[in-house]
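Here is how the chains run, residue by residue.
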Amino acid sequence: MTEAAAVAAESLAGSKARAARTVLGQVVLPGEELLLPEQEDVVRRCGDRLLVTKCGRLRHKEPSGGSSGSGGGGVYWVDSQQKRYVPVKGDHVIGIVTAKSGDIFKVDVGGSEPASLSYLAFEGATKRNRPNVQVGDLIYGQFVVANKDMEPEMVCIDSCGRANGMGVIGQDGLLFKVTLGLIRKLLAPNCEILQELGKLYPLEIVFGMNGRIWVKAKTIQQTLILANVLEACEHMTADQRKQIFSRLAES
Amino acid sequence: MEGTTQTDAKIRTEYGTDSSSRGPGCSLRHFACEQNLLSRPDGSASFLQGVAEKSRERLIRNTCEAVVLGALHPRTSITIVLQVISDAGSLLACCLNAACMALVDAGVPMQALFCGVTCALDTDGTLMLDPTAKQEKEARAVLTFALDSVEQKLLMSTTKGLFSDAELQQCLAAAQAASQHVFRFYRESLQRRYSKS
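Chains as they are written, first to last, in my numbering: chain A, 1 to 251; chain B, 1001 to 1197.
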């Protein structure tokens, strides 16, 4: 009896809005409403309630710069596991050139539409000096326009006109797909996996926020080993990973 | 059953242009077939038999459209593919639950979760939730509801058979209570998934 009552109370409480602070780090489901605290000055607040639209863990980042009293605004977001990429402005992605039409390349970035890339958006490119890009090439670039209403546009230069690592990715190597959550984990500062990988073999690696990784090592076998290890990292615990790395280092 | 034949006839006229009318001597329902649907496997085909399948597709689609935030993905089509591995009764409710979990797994933004619950009323008026195929066949009426997770509001209902207004309300109340169990199961299984990472 008491168990049934407790369960009923829990399900009723779930339908009412909860304070966002109390739910941090827990899994939230679509349809839940969260209340924002009154004191905090949060940017982009719609009324005083947040509606969760995706399933995942609720995270919060405190506003940086404590010296300014009013605060720049903290951020709440939901950390979800997803395979499908949605273009976001400023994201660095790996794309595959699918078509050349006039002055624009069409690049497949894994979203619902191919992104457009102008031939002038490369370092040192002019009307006379066109970049050497063929259909099927891999491009590492960032989005300058990416919203739901317009076709996404990407460029391979930063705001100062320098390439900064972007552009056509070289010959050989292997491109494979992983989930977006794994990419974010690998790109977090001081990622252990990357440090261990670096000690294993010398390698070149490019991470795209659209879930694509390009990796190149000295031999094809080493490249394949690295690709398999990265794909498996998703499901392994830290101990299993250390075991695999030590076994590979020995052989 | 008077009610059943009328509904079936209505569906037939609605899709009248597509389906071939049942001439005398022909007892098979309307067929439709599509081949090479999926790009990955070497071959794939879908076979539709009868207009019941089209009606079920329409019900699932309408439920999803009510809940998915389509405004965030303009000029995009979201395709849900449901494969029936085994049918042990309450098929439509099971399809709705599978569709909801698939949409959550894909990360499609939704304003709420939804679930499907089936009720069957047998000849004595006893209410059975989540009936088996045998119970569905012997029931006087079978009602399927789709409910949302925020306030257990009714998103979709489809009924077959004879029942009174009071019985309908009774079935709806029972379905709303049962949907709490389904949503708790969703929450537990999603928490288990995120605890692994």
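Certain hints may be false.
Stated by the list, open to error - The calculated lysine-lysine pairs, modelled on BS3-like cross-linking and capped at a C-alpha distance of 30 Å, are:
(1) B:1160 <-> A:242
(2) A:100 <-> A:89
(3) A:177 <-> B:1196
(4) A:100 <-> A:185
(5) A:242 <-> A:199
(6) B:1196 <-> A:83
(7) A:216 <-> A:61
(8) A:185 <-> A:199
(9) A:54 <-> A:100
(10) B:1196 <-> A:199
(11) B:1196 <-> B:1054
(12) A:148 <-> A:106
(13) B:1196 <-> A:185
(14) A:177 <-> A:199
(15) B:1054 <-> B:1160
(16) B:1137 <-> B:1160
(17) B:1153 <-> A:54
(18) A:83 <-> A:148
(19) A:106 <-> A:199
(20) A:54 <-> B:1160
(21) A:61 <-> B:1196
(22) A:83 <-> A:185
(23) A:106 <-> A:83
(24) A:61 <-> A:106
For the record, the hints were derived by calculation from the structure and aren't laboratory data.
Note that the coordinates shown come from a computational prediction; the quantities given were computed from them, not determined experimentally.
The hints, checked one at a time:
1. B:1160 <-> A:242: Given pair residue 1160 of chain B, residue 242 of chain A is violated - Cα atoms ~59 Å apart, limit 30 Å.
2. A:100 <-> A:89: holds, 23 Å
3. A:177 <-> B:1196: With Cα atoms ~20 Å apart, residue 177 of chain A and residue 1196 of chain B stay inside 30 Å; holds.
4. A:100 <-> A:185: violated, 34 Å
5. A:242 <-> A:199: holds, 12 Å
6. B:1196 <-> A:83: Holds, at about 17 Å.
7. A:216 <-> A:61: Between residue 216 of chain A and residue 61 of chain A the Cα gap is close to 35 Å, so the pair fails against 30 Å, i.e. violated.
8. A:185 <-> A:199: Holds. Residue 185 of chain A to residue 199 of chain A sits at ~19 Å (cutoff 30 Å).
9. A:54 <-> A:100: Since the Cα atoms of residue 54 of chain A and residue 100 of chain A sit roughly 36 Å apart, the hinted pair is violated (cutoff 30 Å).
10. B:1196 <-> A:199: holds, 27 Å
11. B:1196 <-> B:1054: The given pair, whose Cα atoms are some 39 Å apart, is violated under the 30 Å limit.
12. A:148 <-> A:106: The hint holds at about 18 Å.
13. B:1196 <-> A:185: Answer holds: residue 1196 of chain B to residue 185 of chain A is near 14 Å, not above 30 Å.
14. A:177 <-> A:199: It holds: about 23 Å lies between the C-alpha atoms, which stays within 30 Å.
15. B:1054 <-> B:1160: Distance of about 16 Å is within 30 Å: holds.
16. B:1137 <-> B:1160: Measuring from Cα to Cα gives roughly 11 Å; hence the hint holds.
17. B:1153 <-> A:54: holds, 20 Å
18. A:83 <-> A:148: Answer holds: residue 83 of chain A to residue 148 of chain A is near 18 Å, not above 30 Å.
19. A:106 <-> A:199: At roughly 37 Å apart (the allowed maximum being 30 Å), residue 199 of chain A and residue 106 of chain A break the hint.
20. A:54 <-> B:1160: Violated, at roughly 34 Å.
21. A:61 <-> B:1196: holds, 23 Å
22. A:83 <-> A:185: Roughly 14 Å between the alpha carbons, so the hint for residue 83 of chain A and residue 185 of chain A holds.
23. A:106 <-> A:83: holds, 22 Å
24. A:61 <-> A:106: Between residue 61 of chain A and residue 106 of chain A the Cα gap is close to 36 Å, so the pair fails against 30 Å, i.e. violated.
Checked against the numbered hints above, the structure breaks hints 1, 4, 7, 9, 11, 19, 20 and 24 and satisfies the rest.
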